[in-house]
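Undergrad: Chain by chain, the residues run as shown.
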Amino acid sequence: MNTKRICDSERKRFDKIINFRLTHKFMNIGIAIVAISIITMFVHAFIMDSDTEWLKIITKQGLLLGMLLMSISKDKEEDEMTIVLRAQSYAIAFIVGVAYALIMPYVEFGVSNVVNSGGEAFKELGDFQVLTFMLMIQLMFYHNLKRYR
Amino acid sequence: MQNTIKVERAILNITQDELAKLIGVSRQTINSIEANRYVPSTVLALKLSKLFNKPVNDFFILSEND
Chain A
1 MNTKRICDSE RKRFDKIINF RLTHKFMNIG IAIVAISIIT MFVHAFIMDS DTEWLKIITK
61 QGLLLGMLLM SISKDKEEDE MTIVLRAQSY AIAFIVGVAY ALIMPYVEFG VSNVVNSGGE
121 AFKELGDFQV LTFMLMIQLM FYHNLKRYR
Chain B
150 MQNTIKVERA ILNITQDELA KLIGVSRQTI NSIEANRYVP STVLALKLSK LFNKPVNDFF
210 ILSEND
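Quick note, the sequences are listed as chains A and B, same order.
At position 148 of the first sequence (counting the first as 1) the number is 148 in the working numbering, and the numbers step up by one without a gap.
Quick note: to get the working numbering, add 149 to the position in the second sequence (first position is 1).
Errors might be hidden in some of the hints.
Derived DMTMM-like pairs (lysine to aspartate or glutamate); straight-line CA-CA distance at most 20 angstroms [claimed, not checked]:
hint, chain 1, residue 1, chain 2, residue 2
1, B, K196, A, E120
2, A, K76, B, E167
3, B, K199, A, D75
4, A, K146, B, E183
It should be emphasised that the hints constitute simulated quantities derived from the structure, not laboratory data.
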């Protein structure tokens, strides 16, 4: 009896984690954070001359946070179909993300060798690049799956 | 799986939007179910059954592929 109660409690906790979604207003907050981060990245890259590594790190983190908020916030009309479509988009993003992490270093290495004679040393992708790509794929697929439902 | 929800909806003389509001989903979900692009959950099927006052088998029919 006690074991059953512990199992039920564990299951309820898992259900809470699985079904966790932020309210729809976080979608707008996420979009705003992403927009500010992208604008700051452009300003940093083309206008600012000073070496501000901290700004680069903050904008990267802002972009990731904004996209995460967009990803886990509810739709205006959330129902069982949107939940299924969201799960499908996460599955696709995971598979495409792993493929990207496997293939992209070789592509970058090849391209750098073609463009610059001599080329660059082989380097692996950073966590920011992979996570941003996965979140982008998830948001894009979710949007498209909803559009063509 | 095929369904005759469009027919049942016509019998009740309600729009996709009205049906969606009655069972608590979006209009696009009703559209996808009617077009056989989405198979609803048991909960949604039972809600439809209650609304149409008919057993689920009457408006959801298994096809040969199922």
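Undergrad: Now look at each hint and say whether the structure bears it out.
TA: Quick rundown of the hints versus the structure:
no., hint, verdict
1, B:K196 with A:E120, "violated, 62 angstroms"
2, A:K76 with B:E167, "holds, 17 angstroms"
3, B:K199 with A:D75, "violated, 27 angstroms"
4, A:K146 with B:E183, "holds, 16 angstroms"
The structure fails to meet hints 1 and 3 from the earlier list, while all remaining hints are met.
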